[in-house]
Structure formats: structure tokens, C-alpha cells
Amino acid sequence: MGANILIADDLSFMRMIQKEILTERGYTIVGEASDGREAVEKFKSLHPDLVLLDITMPNMNGLEAMRKIFSLDPKARVIMCSALGQQNLIVEAIKAGVKDFIVKPFKPERILSAIEKALKAS
Amino acid sequence: MTNTGLDEARLRHAFLEEAEELSQKLGDTLLALEGDRENLELINEVFRFTHSLKSESALMGYQSLSELAHRMEDVLGLARAGTLKVEKPVIDAIFAGSDLIAEMMAAISKGNRDTEFNTEAALKDLSAIVSSAPGNGHRGAPAAAAAVPAGAPAAAAAPAAAGAREIVLNDVERRQLAEARDRSESLYRITVKVAETEQMKFPRAYLVFCNLELIANVVKTDPAMDGEPVEDSLYGATTLVVTTAGNDTALREAATVDQIASVDIEPRGYEEYLAPRGARAAVSLSAAANLPPGVAAGLAPGGVPAETAPAAVSTVERTSIRVDTRKLDDLWSLIAELVLHKSHLARLSEDLGRGADVHAVREELSDSFDSLEKISSGMQQAMMDTRMIPISVIFNKFPRLVRDVSRKLGKPVELTLAGEDTEIDRSLVESLSDPLTHIIRNSLDHGIEFPEERVREGKNERGRVSVTARRQGGNIVIEIADDGRGMDTGRIRQKAVTMGIAGAQSFSEAQLLDLVFLPGFSTKDVVTDLSGRGVGMDVVATRIRGDLKGDVELRTDPGKGTRVTLVLPLTLTIVNALLVRGDNHLFAIPLTDVDSTAKVLSTEIRGEDGREISRWMEDDIPVYSLGALFGKGRRKSEEYFAVVLRHGDRKAFLLLDELIEEREIVIKPVDDLLNVHRMFSGASVLEDGRLVFILDTSLIRRENF
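If you read the protein sequences in the order shown, they are chains A and B.
To get our numbering, take the position in the first sequence, counting from 1, and add 3.
To get our numbering, take the position in the second sequence, counting from 1, and add 139.
Excised from the complex, chain B in its bound form:
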């Protein structure tokens, strides 16, 4: 920048300001990348920062800095393309470079030169990484070197030598020439030399090629322009075979763009190219030239696909997620507010230090905490929102499923979907898909009647199945309804009795229908290959009630249809819970499982140990205590705190020592070793570090009541 007459000092200041920020961001992003090495977005960012640092420092004449950044960019470029895995040595080398850059920036801001630093070791490490990357023999011409047109043995490499080159046309090109001759067009051979100063020779030559294409027919170029370019420097001189109805002046005009050193236009005769010679070589060349660019580039000289990047790229895709940017915007604005409040708090603490009025500060502090509370719950919500995706990702496959199954069974069925926009937690998608598929198949298989039967019953011969999703409070409700024959509770009772299920004679309808979710219970003795044998509603129930902490319920109207309702918590990771103490430990019970809290007098508890009941509203419900659940027996007392647990239509008392508070907890998975009796659905760690187990209330369903 010495010959521009620009204000050097002002420029240097601007450079420092921006470059320091870039260097800072580079360091921060690298840290993030270290913990998330396959994150393509982070790799891209790091690449962009080094790239900007390189350009800016080069412009300011800081050669060492620029060279270092350039070498880092080479490494990151490979990582970005998926050719290089970001492993520890890579991270380390980039970190070393980044640290060195930071030091250089500090020196430059003090008026020193970047050349005072020894960059040799850093450069060597970076170069070593580049040359050890798969498919990279040497630095400087990564993709280009590998892309010398495929399948072309010596012939393709030969044109690299300057001077008069032999141009061999393939059959298609020869036909093109013959047609041009028939149209009486002129044939020219144009040699374009790109200025030495042009740093990108291929794009420059390509620009000429495009300009010529506008007014003439470019039959062939050497080196080739279509497909992957060969090494950039080879385009310093490019030969083009061109036919045109115009004259050479127009050609010259089109070819003379900026940064072109010379344009040489010679008229040629058609016979030179159309004479039958070297046909074999031409054909083998043309075979490669006609391959799609990607294929040609991916072929090793032997014609075997070379090691390609896609595999690496796809693993990156799997770890990244798509998030609606509007959701991120919400999060951003909250973060901005958070930062504001942080500085507000800092000011308050300063005020206190200066002896400000404590009462006034306390008031402000309390206001500030209120706002912080709002912001943090807002952020939590916004963060949760980024985990949500529309349920249509599952619903979309149902039309096809219903079509296939209904054809196979010979039962015409009309499917209606509703509420596809309802958002669910990403983590639910996989575990929800199978149960829903199973329920729909069941509907078609056992619920919907054959057309004749439907007509006899006075129904439309087409069966109807509807799947709807909606949000209800903190839950997602999914309903699968059909207008089939419904379920015969009489037969279920019969079956329950023959299976020896205690008390089945006096079961309510809801209790009877719940039996369908028991393993091995099915009233349909005909097993089709669709719903399968053995795998049934019990699997659905386990998945929904156990894994997803939701509930499933069945309702039926004999002759009119069946409705399966799934209720799922909105998100699995954060729940509102009641914190309780029992048996000297802390436990959390998800609020969705709590019907109410109560006090139970010991005199109200009837029955024998392990089978106790007590009155709740109009019903006798089982009584558990945490101690008893852990096999220690219940602590004797006259009066107990209790939670009325609710799971589906079942309720039970759980006796406790203390009800502490209601709060939000973050669920973490529990190791199976700790959870032999499957009493816990997870654990959570409180701010003070105490561990809290989350009770799996489905256990009240498992107990023998």
C-alpha cells in the first residue's frame, strides 16, 4: 500500500481494529470447534476468519502474518471439503497458528513488525497436515492436481508444455466442425495468454471462453474448460478452436478482457481437424471428457473411483440440525436483554461499593432479578423451541402406509390428517413413529371391516381413519380414530377371566380396555402378517408410558369405532416437578403425575402390609410409601404427608416425610445399574449439587393392585 497515497496511519488503525476482532473470534470459535469437531458451521467460521485475516494482512503488507493465515486456511479448506478430519493434531496446529497470530497482532499494535516472529515451526506443522491429507501429494494445488482429466494417460498431461499443441477432437466435436463447415462458417484457432499478474488464471480464461461463446461456437479448448479445471497455472495460455459466421475483429473484441496479455487469432482449415487420424486416442479422451464433471474428477487414473468426500460430509450432516432462523432470532434478542441486565447488575455492585443507599439498591436488585427470571425462562422456552419440529415429519408417511395396507387387505380406507403443524420435541420423533404406525395398522387390520360387512352395517363401504395432533397445555395429544367395528368389552372380559386375571369380573370398561396393553393379550385370534404376532399394543404402551413418559388410552364404541389417544409431555428434558423428601432422600415427581397433595392419618389406612388402601374421594386407592418401595417398611407416624399419584386412570397415595417445593428440573438419564427396580425415570442435579432421583410413577401400574 505504499504507492496509493492513502492515509497510512488511519488504515493501520482500521486494520488493527478489525483484525484484532477477527483474531479474537478465531480463538473463540476454535475453542467451540475443539468440543464439536464435526460441526461444519464452526469449521466454516474458522475458515472465514483466517481467510479474512489473510486478505487484510496481505493488503497491509504483513507478509508473515498473511502467510501463516494462508497456510491455516489451506488446512481448514480441506476440513471444509470433508477431505480432512478435524482431529487433535489439526486442532492443535490451528490453535498454535491462532495464538501466534494473536501475538503478532499485539506486536503490530505496539508498532513492531510481524516479521519479528518465527513462524517456521507453525508453517511446517500446517504444511505437514496438508500433505498428509488423503489425496494430497503436495501443497498448493490440492483439488486441481488430483483432477487432471480422468482416464487420460500421457496425452492429457502433455498439453501442459507450452508451444504448438496437438489438438485432438472427439467424434462429437468433429461432427460439430463438419456442420460448421457446411454452414460455411470460418474456423479459427485462438490462443489467449493471461497476464502474469493475474492470480486466477482459470477463471480469467473462462471469462474469455464465455465471452467468445456469446458470438461464436467454441468447439474445443485446451486445457479443457468444462468439468473440473486442471491446475490453474496451465490456463496461462489457453487454445480455443472456434467456428463463427463473423470475422476475427469481433472475436478479438470478445477475447480482450481485462488482465489478458495477448490474443492470437489464426484462421485454420477444416481438413486439419477433420482428417481421420488418431481415432483411437480421440475416442478414449472423449469418453472421459463426456463424463459429468463430478464423475470425471472422482476417477483415479485407473478408472476406479478415488476416495471421495461424501462419506465424511454425511456424518457432519447427521450431527447438525436445522433450526428455523426466527427461533434463533428470538433467542438472540433474549440474549441481548441478558447482556443488558448483566451490565445493570455490574453497575449496582459498583454503586454499592461507592456507598450508595442500600435500600434503593436492594429495590433495584430485586427488580433486576425479576427481569432476569423472565429472561431466563424466556431463553429456556426459546431454546426448547429450537428442539421442536412439526409432527408432519411422522405424519407424512401415513398416506402411503394406509394406501399400501388397505390394498393388501382389500379394505378401502380414507385417511385424514390434521394438526400436522403441531410441533414436537425432536427426540420424540424416532420413538413415536413406530407406535403410531402400529396403531394405524391395527385400525386397518382389526378395526375397519371389509366392505361387504360395512355395507351390511349401513356404513359407507370406505372405512375412515383419522390421525390428529394438537397441543394441550404442556402436552401433545395425538388421536387415532377409526369408524370400524370397535372392541367388544364382553369378549375382553371373557378372555381376562380365562387368562386368570384377578378381579376381571368386576373391572370397569376402562380397566378392561387397558388390558389390551398387557403383553400377550389380544382378542383377535386371527393374526395377519401386518400387525404381526406377539408385538402388539403392549409394545405401544411400553414405548409411550415408559420411554416417552406419556400415556395412552383406548376408547371404543361397539359398532362405531375405536379411538386411541396418546398424551405426551411437550419436551422430555425439562419438567415441572414436585420435590419431596422420603426415607431421608430427595426425590422429584413430575407434576403431570401428581393429582394432588394430601394428609393421610394412620387410622385411615386399612389393609395389611404391602397391600394397604385408603379412601380418596369416592374410591379406595392403594397406599405406598417410599420406604416400603425400597423394602424398608414405612416409618410409623400418626399423620403422613402424601401425594396422590395419577397414572392413566389409576391413582395411588405415596406417603412422604416432607413436601418441599414445586420447581423445574432438568432430566438426566439414569444408569441401569442404579435403577434395578426401574423406579426412576431419570435424575437431576440441583444448583447446590445434590442429586435428585425422579420417580417413575408408572410403577403404581406395575404393582399388584
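Chain A extracted, bound-state conformation:
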């Protein structure tokens, strides 16, 4: 329990919701990033157990950030967050090695089960 999670989303509102849901379940939010570049930087410095990565972000999008993260650590656990209509991007992410994704708007149970499964499988 208490895995360390990094949240990356350009909307502070989204980050806030995710944070609420996760901290309530006992996870620790070690960092938040508002764009892809920041996500990669924080992944490097904070070594989170899991990254929740939004696909549409400024500066560096989630896909690019994910590739960078995998190049830093091929075993990194990354869950992509996307919205409907971004099927192709998610497929791209899966091809690059992402193990799960969640679709916004998501239900709290959904994000929690995704994280649990991702942390269990390793």
C-alpha cells in the first residue's frame, strides 16, 4: 500500500480530482506535472511507482512523454488517461508498451482498479 504516484494533466481540476480519489485510497501523490516535459522531469527526479499520464497536454504530449519515460525505465508503470475520440492515440500508446488506459470522464472505481492491477502485475 501507499504506492507513490505521479499525476500529469494540464488541467489542475483533473489533477485535483485524481489526487482526491487516490489519496483517499491511501496512495501518495509524489508529484504533479502540468505538461509532458514536466512529467518526464519529475519521473526522473521522483521515481514514482506509477504515472498517470494525460494524452493531450501542451509542450510535450502524453505520448511523447510516455516514450521518454519508457526510454528512461522500460519497466515503468504508466497508465494513460484519454478522452473518447482518442482511440488512435491510445493504440499508439499500447504499441509503445503502455499496460492500461482510462477514459475520461472516469469513475473513481475505474481509476482505482486500473492502478491496483498495474501495481500487482510487475
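Among these hints, one or two may not hold up.
Quick partial rundown of chain B residues pointing at chain A, CB under 7 Å, derived from the structure [claimed, not checked]:
1. ALA153
2. GLU157
3. ALA197
4. PRO342
Computed list of lysine-lysine pairs in BS3-like fashion (alpha-carbon distance at most 27 Å, straight line) [as the list claims (entries may be wrong)]:
5. LYS775(B) with LYS738(B)
6. LYS110(A) with LYS332(B)
7. LYS332(B) with LYS123(A)
8. LYS22(A) with LYS164(B)
9. LYS466(B) with LYS513(B)
10. LYS598(B) with LYS699(B)
11. LYS98(A) with LYS332(B)
12. LYS120(A) with LYS98(A)
13. LYS513(B) with LYS481(B)
14. LYS78(A) with LYS123(A)
15. LYS120(A) with LYS332(B)
16. LYS71(A) with LYS466(B)
17. LYS47(A) with LYS22(A)
If you are wondering where the hints come from, they were derived from the structure by calculation, not from laboratory data.
Fair warning: this is a prediction, and the values are worked out from it, not measured in the lab.
Where a beta carbon is used, it is the ideal one built from N, C-alpha and C, also for glycine.
With chain A held as given, fit chain B onto it using these hints.
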């Protein structure tokens, strides 16, 4: 968000704050898009804002708002893909939606519900646009519906029906199966059902597919996974034909990811798939399946390429430009400073209102204006910088040009380039490319000798041509030099005399060389197909001196080579100019054309009307007056203000009524109707609205002196 136990009020506050900002930005960006409808970046931004609004409001349970934003996103998605042109009805519908969203946000912030609004009309308009978009029969499944695997008649659509599906393999897949059988692998047929709650069924099924691929060989999937996906809902149940050396437990583990409702694994026999049946159908299916995804998707059922987006996309690309982000960063920091000063000024004005000490405020105001001046000139510079690109975009094609031409002529030539990083205004690129190409060809054609001749002259048998660019003050200087035979000024003089050019006998060397830029003047009577007949240095001169407001100069050293020097103003749109009054009108003269200012006494002017001269330094130079240029004759006076104009090596007095000031002006093009005598190179509008014509000083070269 009712079952999460989150602090509802705090969430709502956060939502409102962010969504209001998004709604504001949406409106602003739409305005910009209206004026620049093909700007893909703006379309993307508008898309992103509606997309964010949709997600956030859905999360907060604002269904009407979310649905509206969703429908807007559908329209923008098509625009983004290039399928839909952003025309007035599109802009209008998005605007209407955006306005409605703003109203909803205002209502929500007051504690009302978004459902109080009637969104029906807006939704209907948006849907109408989506369904009228090319290649879109109906809303909801835009790309997917169109992408039902190409060339597959009824067979491909059939698997949509749930239940036991017939799986037909193509030749490659059958060979794969046969090989797996030879390796004694087991064959499984796996049916994966995606949870009803999963909103993206294809990616979910694809995830399973990828996981299985890691431990087994997936021979075939139905619906197909490679290429463009068919409609998402069809992947609710996906069948996979898999061979593996492992067992079904491993398969189950790999297939069981989150959001999978059931995994059904059945061992099957190879003969079921390898039996020779339905070969024809299989082949036609496989032909389509083996096409690259893009091609398959672009094919209409008849096998004819469907209407595709690329055409629309390329027009968008043409109107957008690439700018080094560092340049934009500079601009941004200046804008930040500007905003700071704006608030400073606002504070000063408030202070004044409160009766603050006028002298103190005046001092601060004057400081503030100084800073504003610095910022605005900085911004101008930064903005100009975004227009600059390295000259290498032109230079890059010269190696190839020289290689081709030198081969054709049988003259080995070595080309050296320097200063390729020198930045020039984008607008120069197109007009500069041809003249430079022409000059280089001339060098190879007429300048560089044949190898035998070079050896006889004691030169290296390889000729040398160098092209260099550098920045010099407010100008770009480009030099094209060769080590060829140079030009024979004696022959030029001879030719000038036979052509009847007045005064040619006494022309200086520079004047003689300048004749090369006259139409129809060429000392080389052999015309090759490279430099062409009739089109020569005169065209280069017109382009450089006329269109580009620059200058071109030729220097030669007989037997040693020729050097052509082009001097071009850094940018064409803003110039430093001298504002003058003459003949009761305002005119501007670019400073680059002004040698100096002077006073001329009427007694110093000699000669007859229209052919007057006066002494300047050691030379007699022509005297013009603005009035005379406009055919009105010169105003009589004892003393005149004058500008000494400079164009190339020529100088002339221009008599004026008044020298006003030196300032920067923005050049705007002048209609040919206003410019019958080609006296103006442009016009500019002053802050007070007065129109100023910019004198084209190349006219002093055209006059008969």
C-alpha cells in the same frame, strides 16, 4: 461525483475557475480563427478547449454543457482532420455553442443548473454540419464507419453479427498456421469480451492483442486489428486465432486485463482452418488486408480512392510558417514587460486622479515612456526576427546547380559557400533565388574558362566560384565571385559606342560595368542555352534594384575574375526614412538612399530646365525637384533644402520645401494606378492618418543623365 465523498463545494469552485477560463479562451481563439480560418494551430486550440470543457463538465455532472461541448468537438475534429472546411456556417455554429457555454457557466456560478438552457437548436446545427461533411453519413462514427475494410463486400460486414463467426484465412495466414503445426504448437481460438462499461472497446481489445502477441503468435483477429479499426462497438467481442507452444493458462493470464468481461479459450484443430475451402473469397479479402492501412482506409468500396484530406491539409501548411521557438520566447518576455508597464501607467493615472504631485508623476511618466519605447522597438525587432530565415534555403540548391552546369559545359568548377546561416526576410527568398541562380550560371558560362585555357593562363584547371552572405549594418550583402577571365571594359566601351550610348567614350570603369545591367547589353555574342538569350543581367538588376530595393554592383579584374555584389535591405516592411515636404505633399525617402542633406543656393544651379546640375564635393550631379518630377516646375527661391540621393554610384540633388524628421515607417504597397510614373516604391500611413508616399530613388538612374 456523488459517490466519492469528495468535497463537492471545493470541486465545484475549482471546476468553475478552470472552466470559465477555458470558455473565455475558447471565445478569444474563435475570434482569431474567424479571421484566419485555415490556421490549423487555432483549430487545434479551439478543439482542445472544447475538449477540456467537455471532460470537465461531464465529470461534474453537467450533462447539457458536456453534450454541447462534445458536439462542438465533433465538428472541430473534422476541421482538424481537414475533412471539413472552416467556413462561415461552421464558425457561426461554434460561436453559438461557445456563447451558450459562456451563459451556462455564468448560470452555474450563480448556483443554477445547466439544464435550464435550451441547447436543442445549437445541437441540431452542429449535428447538421457533421452529417453534411464529406464522407460522413451520420454522426457518431465518423472515421470508423468509412473504414470498414476496403474491397470487402458483404463478407467483412457480416462478422458484425455476434455469435459463432466464420473465420477465413488468407494464404499467408494459412502458411503461418501450417508452420505452427509443423512446430507442434497448439492452436486456440480465443473470444474476448470487453466490459460494457469500457468506452473504448477497440483500444481495450488491442491491449489484449498486444499482450497475447508477447507470448503467442496471433494469426488472425476478427474484427481486424491491423489497419484502420472498424467501428469501435464491433470490438465488444473479438475473436483471435492463436498458436502457441505454451498452455491456455498463460493465454488467459495475458488476456485478462482490466475492463475485460470474459475470456473464452477453446483448443481447435488445424484442419478446420487449413482445409481448402472458399479460396477465392479468402484471396480477395487478403488482397485488401495486405494493403497499407492508409491505402485500405482511403479506398471506397469500388476500389476507387475516396475523397481524401491531404489536399485540404496542404493548403493549411502553406499559410502557416515555422518560427524558431526561441524567437517567440523573446517576443513573449517583451510582451510580459509591456503588460507590466501598462499597469504601471494605469496606476499613474489613478495617482493623478487622487491628486498626486504632478511633477513626480510627470517624471515617472517620462521614465515609463522611455521604457515603452525600448519595449516597442524590442518587439518590433523580435517580430522582424520571426520573419527571418537562414539564407541556406537558397544556397542549398547551388551545389547541384553548379555540378549540373559545369558538367554540361565541360568546365570543372569548385563551389564554396559561406555565411549560409545569415538570416534574410522570408519575403526575399522567392525573389532572390532567381537572380542568384542567374548570376552563378553567368559565372560558369561566361566567366570561368575552359580547362585548357585556364592551364594556358597558369591557373588551376578547376575554376572556382564562391557565394558568400553576410550581414552588414541594416543590409545583407551577398557576393558571387569567380576566378574566371573577368570582363573586358575596353570591349564594353566599344560596344557602348556602337550602340550609340551618349558619353560612353568618357565613362569611368564603374559606369561601363553598370551598362551590363542595361536591357539588351551583352558583350558575349555566343549564347548558350544556359544563360539564355535576352534574359540577362538587366533582369537581375530590375529584380534587385526595383523589387527588392537593393543594389547590385559588378567589379572585374581582367584575367583574374569577376565579383557581383548584392546589397539588400534586411527587411522590406519597415525602413528608416527621412520625412520631407515638397510640392505641398509629404514624402518619405529611405535613409539607405540618402547620402546627406544640404542647402543649395539658386545661384549654384547651372544648366537648363530639366537638365540642371550643381556641384557636390568634386562632382557635378543632377538636380531634381519634386515639383519638376511631377511636371509642375520648380518653385522659385533663392535657397533650397536638398537631399543628396544615392543610388549605386550615382548621386543627385533633390530639392525640397522642408526636411521634417527621420523616422521608421511601415511600407505598404502602392496600387499601380497611383503610380503611373513608377516614382514610388510604396506608401505609408502616419499615426495621424496622413498618407506618405515613399520615393523610389532608382528613378535618378532612369532619368537621362
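task: Hint by hint, work out which the structure violates, then give me just those numbers in ascending order.
output: none
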